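Chains A and B supply the protein sequences, listed in that same order. Heads up, the first sequence is in my numbering, so the first residue is 1 and it goes up one at a time. Heads up, the second sequence is in my numbering, so the first residue is 1001 and it goes up one at a time.
Just so you know, these hints were derived from the structure itself, not from any lab. Remember, predicted model here, so these are calculated numbers, not experimental data. Built from N, CA and C at the ideal position, the CB exists for glycine as well. It is possible that part of the hints are untrue.
As the list claims (entries may be wrong) - As a list, the in silico EDC-like pairs of lysine to aspartate or glutamate whose alpha-carbon atoms are at most 16 angstroms apart:
no., chain 1, residue 1, chain 2, residue 2
1, B, K1039, B, D1094
2, B, K1080, B, E1130
3, B, K1238, A, D41
4, B, K1238, A, D24
5, B, K1179, B, E1092
6, B, K1238, B, D1341
Said to hold, decoys possible - Derived coverage of chain B by chain A (criterion: at least 3 residues anywhere in the stretch with Cβ under 8 angstroms from a Cβ of chain A; other residues may be distant):
no., region
7, 1081-1093
8, 1225-1237
9, 1278-1292
Unchecked claim - Each pair of labels, with its calculated beta carbon distance range:
no., chain 1, residue 1, chain 2, residue 2, range
10, A, A30, B, E1150, 50 to 56 angstroms
11, A, L77, B, P1312, 34 to 40 angstroms
12, B, G1395, A, A37, 21 to 27 angstroms
13, A, K81, B, G1202, 56 to 62 angstroms
14, A, Y16, B, E1141, 35 to 41 angstroms
15, B, E1305, A, T6, 29 to 35 angstroms
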Amino acid sequence: MALTLTCPVCGQRNGYEFRYGGEDKGPRPAEAGLTPAAWCDYVHMNKCTAGVQKEWWFHRDGCGSWFTTWRDTTKNLEVAKPEASK
Amino acid sequence: MFWKSKPLWGNKTRLKSSYDAVIIGGGLHGLATAYYLAKEHGITDVAIIEKRFIGFGGAGRNTAIVRANQRTQYNVPLYKEALDLWPVLTKELDYNLMFNNCGNLNLMHSEAAMKAARMTIATAQFHGVESHLIDAKQAKELVPALNISEDITFPIHGAMFHPPGGIVRHDAVVWGLAKGAAKHGVHIHQHTEATAIHTEDGKITGVETSRGRIHTPRVLISAGGYSAGLIYHMLGIKLPIAVLTIQAMVTQPLKPLLDHVVSSGAYHCYANQTLKGEIATGAHMDQWPNYTTQNTAHYIKHQAEALSDWLPCLRGVKFMRIWGGLADMTPDMAPIMDGNDQIEGFYMDCGWGYFGFKSCSAVGKYMAQFMASGHCPDMLKPFNLRRYENHQLMGETAALVSYTPDN
Chain A
1 MALTLTCPVC GQRNGYEFRY GGEDKGPRPA EAGLTPAAWC DYVHMNKCTA GVQKEWWFHR
61 DGCGSWFTTW RDTTKNLEVA KPEASK
Chain B
1001 MFWKSKPLWG NKTRLKSSYD AVIIGGGLHG LATAYYLAKE HGITDVAIIE KRFIGFGGAG
1061 RNTAIVRANQ RTQYNVPLYK EALDLWPVLT KELDYNLMFN NCGNLNLMHS EAAMKAARMT
1121 IATAQFHGVE SHLIDAKQAK ELVPALNISE DITFPIHGAM FHPPGGIVRH DAVVWGLAKG
1181 AAKHGVHIHQ HTEATAIHTE DGKITGVETS RGRIHTPRVL ISAGGYSAGL IYHMLGIKLP
1241 IAVLTIQAMV TQPLKPLLDH VVSSGAYHCY ANQTLKGEIA TGAHMDQWPN YTTQNTAHYI
1301 KHQAEALSDW LPCLRGVKFM RIWGGLADMT PDMAPIMDGN DQIEGFYMDC GWGYFGFKSC
1361 SAVGKYMAQF MASGHCPDML KPFNLRRYEN HQLMGETAAL VSYTPDN
């Protein structure tokens, strides 16, 4: 499970300094007209991609930045942003 | 040659172009469901599609512990039935599953944990499951190797003792169920990958596999940790699941010293002694989702530290083998069993986290009933997917499990 992540402020650091923040689900849905299903989708639902996914991380034991990055969940390696995301 | 030899469970079968039911995933839940479909409901035209080989995933990677001391009124009866089925299946399958009901001891390390245990025990007793609260001295009498000194990281206040639980030989369950299912006519296709599921007007019509297309009106995805990814990428149904590697290891064989399964939530560590004498032990899950099933120095060190704290006689003992498996965790730590809802003829059985092994026998029975009739049996109704959007999460965990910032 060894992992190195690139913090936008501190650069490459050991993954254990970070806290996983979930799959990137886009912006929080607007309150107006929000249905339970749409809220549940934002709060709980995941794609569970076995491969490259965009996700949030928090540099808990560091500068405290929140940032998104791309990681291959089958290899546990940070990867460059794919050319064209599916 | 291995690939020319006859499989252990029966004759090799040809992949047909149509089946009454297709089960994706040749693990314990898939095998058990196929077995009961064929045996109890007369649906024998069933194919199990397995990408690698049966028992490759969680079925062969769990630490073989079975118990029925869960927290809620919906879960306890299901696990109780699963526990009661081991001796029945041993006879029925004519295969020694090596059920050793040595009892489980869950250590409690604070007064708050003791109170939580009291509630769990009350639930168990209400449902006719034997479970008792014992103090540290009684725990020491049961497991003399236990360190009940107040001088350790998490001193032991007492324990929840659940005598009917124990250990079942997990590989034997895989082989026994495969044999049983094949005897009733089920086709088991190993090294066959399901690549797509076909639907038409909201109904299941078939499954695309690496060896050709299968026409079928019913599909079950019960692929353990891989289920959520498959269900989203094949059908676009998102699930409240995070998939994490969970690591386990065994020590060198020792003389008998542990005759119960002992676990500790505070230490994130559980251990039992196998019939070979090894101490089989497991850790908490990784801190971020991944499909690697790899071990890390971080957790090997953690296990060594935890074990040498509460089982100090193990200090200096060596780990001989290490491995990892996948746990598909839901926010309320209860599984998702649903079907015939989003898509007619589509069933799912997933989100078991690290409870898939101990539940497989009973779940196979009820999922088979579900798939045969198209109607959800009462036992499985609380486990529907819509409970999340209805905000009716189960109370299997006091605090919501979210692999997000609160992790």
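Evaluated hints:
| no. | hint | in the structure |
| --- | --- | --- |
| 1 | B:K1039 / B:D1094 | holds (14 angstroms) |
| 2 | B:K1080 / B:E1130 | holds (10 angstroms) |
| 3 | B:K1238 / A:D41 | holds (8 angstroms) |
| 4 | B:K1238 / A:D24 | holds (14 angstroms) |
| 5 | B:K1179 / B:E1092 | holds (11 angstroms) |
| 6 | B:K1238 / B:D1341 | holds (14 angstroms) |
| 7 | 1081-1093 | violated (count 0) |
| 8 | 1225-1237 | holds (count 5) |
| 9 | 1278-1292 | holds (count 7) |
| 10 | A:A30 / B:E1150: 50 to 56 angstroms | holds (54 angstroms) |
| 11 | A:L77 / B:P1312: 34 to 40 angstroms | holds (38 angstroms) |
| 12 | B:G1395 / A:A37: 21 to 27 angstroms | holds (22 angstroms) |
| 13 | A:K81 / B:G1202: 56 to 62 angstroms | violated (36 angstroms) |
| 14 | A:Y16 / B:E1141: 35 to 41 angstroms | holds (39 angstroms) |
| 15 | B:E1305 / A:T6: 29 to 35 angstroms | holds (30 angstroms) |
The structure is inconsistent with the numbered hints 7, 13, although it conforms to all the rest.
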